[in-house]
Structures are given as structure tokens and as C-alpha cells.
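Chemist: What follows is the residue order along each chain.
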Amino acid sequence: MIPIIFVMPIVQLIVLVHAATFEMKNIRMVVVDNDYSSTSKKLVEKFQRSPFFIISNRTNSYKLAEEDIKNGNAEVVISIPENFEKNLIRENKDKLQLVVNAINGTSAGLINAYSISVISEFNKELAGRNGKPAAAIISQKQINTFYSFWYNPELNFKTFMVPGILVLLVTIIGFLLSGMNVVREKEIGTIEQINVTPIKKYQFIIGKLLPFWFIALFELAFGLTVGKLLFNIPMVGSLGLVFFVASIYLIVILSMGLFVSTITNTQQQSMLISFFIMMIFILMSGLFTSIENMPSWAQTITKFNPVAYFIKIMRMVLLKGSGFAEIKTEFFSLLFFAFTMLSLAVWRYRKTS
Amino acid sequence: MYAVEVENISKSFEKVEALKNISFNVKSGSLFGFIGPDGAGKTTLFRILVTLLKQNTGTAKIQGLNNITDYKKIRSIVGYMPGKFSLYQDLSVEENLRFFATVFGTTVENNYHLIKDIYSQIEPFKTRLAGKLSGGMKQKLALSCAMIHKPEVLFLDEPTTGVDAVSRKEFWEMLKVLKNSGITILVSTPYMDEAELCDEVALIQDGKILKIETPQNIIGAYEKNLYAVKSTNMFKLIADLRSFEFSESVFPFGQFIHYTDKRDQINENDLINYLAQKDHKNIVLQKITPNIEDCFMSYLNK
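Going line by line, the protein sequences match chains A and B. With numbering that gives the first Met the number 0, you'll find the first sequence wraps up at 352, consecutive numbering, no jumps. With numbering that gives the first Met the number 0, you'll find the second sequence wraps up at 301, consecutive numbering, no jumps.
Possibly wrong hints are sitting among the right ones.
In silico SDA-like pairs for lysine to any residue, Cα to Cα no more than 20 Å straight-line [to be verified]:
hint, chain 1, residue 1, chain 2, residue 2
1, A, Lys199, B, Tyr70
2, A, Lys200, B, Leu52
3, B, Lys53, A, Lys92
4, B, Lys60, B, Tyr1
5, B, Lys71, A, Val345
6, A, Lys185, B, Leu90
Have a look at the derived ranges for each label pair, beta carbon to beta carbon [said to hold, decoys possible]:
hint, chain 1, residue 1, chain 2, residue 2, range
7, A, Leu282, B, Ile67, 41 to 49 Å
8, B, Asn55, A, Ile3, 40 to 48 Å
9, A, Phe335, B, Asp89, 46 to 54 Å
10, A, Ile1, B, Pro189, 41 to 49 Å
The hints are simulated quantities; they were obtained by calculation from the structure and are not laboratory data. Just so you know, even glycine gets a beta-carbon here, dropped at the ideal spot from N, CA and C.
The shape of chain A in the complex, shown without the other chains:
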């Protein structure tokens, strides 16, 4: 058990953080340049200089470029039309085509955002040089898009992932350990002996809860240390607040585990149910896919997902330095869950059948 407690966070952080990253470096771009003007070259150069893009191919046939996307040799195609430069100078506007491979919606969104930021910067430069109002490339209206990535200026996904993965860690530990616990006593039969004692229900549940609560809090501390040492994640906000929220969050998770444990009869059943619940909670937590991208019914469901709240709080406090006032809503939701789940677990645990 003890080696697992130490190995688990390290492995999870190292493997998951690197694997589950959306970090966009070296996005392969195919340039379809039908203009061959100095302006179009400048635009391409701009992409080349950006740390995010590498030009993997240049062609003048859109068909060929599309092939590259199909083969998986490129993620994005930028198509510069004929007379791009001429139109820009004469009419002060023209259009560009961006084709993004959107199999992975999240990364497509990011590629799109990065590309647009490069183009709009280019747009600004053009405008400045010509001494005319900026030529709108993105739209015909004069909208200047400025991208400024707050709290994580380098768009470092590790920074973004570590707090979430730590939540995952304490959730798995808390849920599985507590989920197996009471049911294990049922299987071995020790619960019989305990049930004939005058021990109170709440005493029993608290006795079951506390050890895992300490273990999970310790895990969190250990995971944060590893995250700081290995990934140098920022800890802008108060660590005290993180642990305070974590202590409430763990009551939710542990009570849920105990509840599952009290309604099942074998460890197998408990395992299955715990996994089912955890899968849904984790996949809908906003850890890998942002909640804002989910359909509205799914967003409603996430309102009942404590994991989502805690991930949000962790990111807010660690990355943004939010104080208690900013996380109030999420915190009280967690508090409410903690109270409900704990009461449910105590209520459902029966000493007599």
C-alpha cells in the first residue's frame, strides 16, 4: 500500500501530464500560395517564425494540400488566393482560406485560434505600413483581434493539466479505497461482529472515513510537491485554501464511496459501480474537454459533478490566484454535496437487516 501511495502520483503526473496535453507546438501547415507576391510570402514567413507552426509543404494546388491533411501529414492548410496582394492594395481587403483538420475538436479550435492570432498580427503590420486603415482579412468589418493568454501566457498545457490530474488522483484514491471498504468487511464477515457492538452509525462511518481522508490529503500534498518540482506549476493562490477546499471535497468523494460500499454486497459489485460513476465524473469534469464545449444538457449534468467543481477551484486558485470570494459558488456547492452524501452514507449503513 505504501509504495502505491507514493508511486501513483508520480506515475500519474509524469505519464498523464505529458500524454494528455493539448499543447500545440509544431503544428504542420501546408501553404497553398496562388499569389506568389511579397505580401503572401511575408504572411507565410510570419507563420514560419511563430513557435507553433512549421511549414510542412508548399504547393499551388489545393487538392494536393487536402491530400496532406487526409494522410495525416498536416493539421492545417492555408490557402492564399490569386491577386491577394493586388486586392489588398487596391480594395483594401481580401479573403484567406484556413482549413483545419477537426477530428480532434479541441485541438482544431486551438489551431484556429493560433492561426487567427498570427493573421491578425500580420493584418496590423500591413495596416501600419500602408498608412491606411487596416485591411480586414478575417472579416470585412474592422475588428482587431488581440490575443493575450492570461494566467498561462505560454499556453503551457502542463500547467493547466497538473491541478486537474491531482484532483483525479485524490478522487481515485478516495473513491476506490472507501468504496471497497465496508463491502470488504461484509465479505470477510467482520461487519457482523461490529454490528452487534453498541457503536453508533455515525461513529462507524467517521471511523471509516478519517483514515482515507488523511491519506488523500497527504497524496494531494505529495502530488503538489511533485508537480512543483517536476513541472514547476505556478501556485499563485493560497495553498491553505486549496487544502481547505480539498478537505471538504474529500468528504464528498469518500461519502460517495462509502455509500456505494453500503449498497453493494461484494467487492466486485462495488468496483463496477465505483468505476462507472468515476468514469462519468472524470470525463465530464472538464479535465480533458472543456465543459463550455459540451451540449447544454451535459453542462446541466456537470452541475452535479463534484469533480468538475474541484478541478475548477484548483485551477482558479493555483493558476489565477483566486481567493475565497471568487470560488464561493463552487465551494458552497461542494459543501452541500458533502453534507448530502455524508448523511446518505450514514443513513444507508444498516446495522440490522
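Once you have looked at the hints, place chain B on chain A.
Modeler: Frame of chain A, contents of chain B only:
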């Protein structure tokens, strides 16, 4: 004064009727045995009496406390030792004892005198994990844990099942000592020979109590002539005895076969001749006084 009063208790699980209208009383300070085959309902009855299970109908009182309404009080005055070893296997002997003492709000030191005789036998192994103990030692530890809070009534569910003969004997010796200190003990067992060691026994089968008697009375009430029969081919002997026209019951019992006859007066030569006809050699036939097991067999057959 009765320590346990049970009136018309019935309990059914979905389809099985585990207990059918059971009534009995146990005198304070006595050793009361439940004898019956597996599945007779012994464990269900015990679980009801120690408040782990609720009966469907009927009332049960432990030391005058109702098992449904006063279950909290009952829990602190009964000791229960389930048939399955139910202590924490990953705690040591000493830790288990201390844990249960604490749960009952007492300390090992307070009641050490009660368990001294039993616990001293396993004390040399007190740092060993409970899961690593031998069967007999596990039982001793379980009994110690069930006794540590000084219960007034002790329920032992098949305490000697799966325990070797020597340990079984020791265990019953311990029960006698406990009984002498004034504790009422209810014990269930599938071993009939253990019934003789009880003050009173209830014979239970298929959820019904067939008989409640002292062991002496049970033996005294045995009216049949009982014979022990033996020959070289024991297997064939059973079959042949069963097919004998006057045979009533035929049971293998150790080296012999116990046989009773339908007739009150029996001509021993008849039987010997019959067996000789069936090619049995070295026939031994002797009249014996029944032991308690014979009595139970005759009850169970009725």
C-alpha cells in the same frame, strides 16, 4: 428468571421459511444448546436474538429487553461469536481484543479476569496477526473478544465447527467455567455429542424446534431396544438391515451399525439368522444403552 424468552418467532427470506413459530425460554445462568443439522435455522435464530436481523412475527426478549425496541441496550449486554471467524485478520491478537474492548467502552484490564483462563492460552501469540492463528486459537480469541465487555448473555454460533477434537474439548471446558461465573450461554452446534455438555438442549430442524429437554431426560426417554451390529461387509450390512422386514432405523456409528427394531420384543437369533442367510460372516450383535446421538436420530426420524 429467564435470560432469553422467545415467543412464536417466524422469519422468512424471500422464498425460504427459515424459522417457523419458534418458542423457548432459557434459564438465567444456564448453558443452552441448539442441536440441528446445517440449514436448520440456528444461525438465523441467533442473528435475530443478537439484533442483526428482525423477525417477521413474534417477540424475543433478552434479559427482559425487547429485541426490536431495545436493540441498542441489548447490544451492550450480549456477546456474539458468529460461526464464521469475524475478527480483523489484519490486526494482531492483542489489537483485536483492545479494539473490541474500546468499542464497548471498556478496557481489557477491567475485564481481564473474565477472559484470563482463555486468553492466557493465546497470550504467547499476542503479537501475531489474527488471520495467521490456527483454527482453535482463532476460536479462543473470538471468545475472548465476545467476552471482553462482560456480557450477560453469550451467543456462540457453531463455535466448534472446523476445530480439532482436542480444542473442541478445551472449548467446552471453558464454557463450563464461564457458565459458573453466572453468564447465560446459548450455543449452537451440529455435533450431537456436544449436547450432553449442555444443561438443556433444543433440537432444531427445518426451522422448527422438535424438542427441548435436558440431555438426561432425552436419553431416559429412549424406549427402543438398541443394537450394535457388525460384520465383515459393513456396506452390505447396512443395505441388508434396511431391507429387513422389522427394521426401523439403521445408522452407521463408528465401527458398528446401530439398529432398532419395530417390534417391542425382539428375538436376536431371528436377526442373526437373517444376516447369515445374506452371507454375512463374523456377525456381532449386542444390545447397548443409547447415547444422546441415538436419541437425536430417533427424534429426527419421527
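Chemist: Hint by hint, note whether the structure agrees.
Modeler: Here is how each hint holds up against the structure:
1. At roughly 12 Å between alpha-carbon atoms, Lys199 of chain A and Tyr70 of chain B fall within 20 Å of each other, so this suggested pair holds.
2. Under the criterion of a C-alpha separation no larger than 20 Å, the hint pairing Lys200 of chain A with Leu52 of chain B is consistent with the structure, at around 16 Å.
3. Our distance criterion of 20 Å between C-alpha atoms is broken by Lys53 of chain B and Lys92 of chain A, whose separation comes to about 85 Å.
4. A threshold of 20 Å between alpha carbons decides the hint, and for Lys60 of chain B with Tyr1 of chain B the separation of about 9 Å falls inside it, so the pair holds.
5. As the CA atoms of Lys71 of chain B and Val345 of chain A are separated by approximately 17 Å, the hinted pair is consistent with the 20 Å bound.
6. With a C-alpha separation of about 17 Å, the suggested pair Lys185 of chain A and Leu90 of chain B falls inside the 20 Å cut-off, and the hint holds.
7. Separation of Leu282 of chain A from Ile67 of chain B is about 46 Å and conforms to the stated range, judged on CB atoms against 41 to 49 Å.
8. At roughly 46 Å, the beta-carbon separation of Asn55 of chain B and Ile3 of chain A lies within the given 40 to 48 Å, and the hint holds.
9. Checked against the given bound of 46 to 54 Å, the beta carbons of Phe335 of chain A and Asp89 of chain B, roughly 36 Å apart, lie outside it.
10. Taking 41 to 49 Å as the suggested C-beta distance range, the pair Ile1 of chain A and Pro189 of chain B conforms, at roughly 43 Å.
In summary, the structure is inconsistent with hints 3, 9 from the numbered list given earlier, while agreeing with the others.
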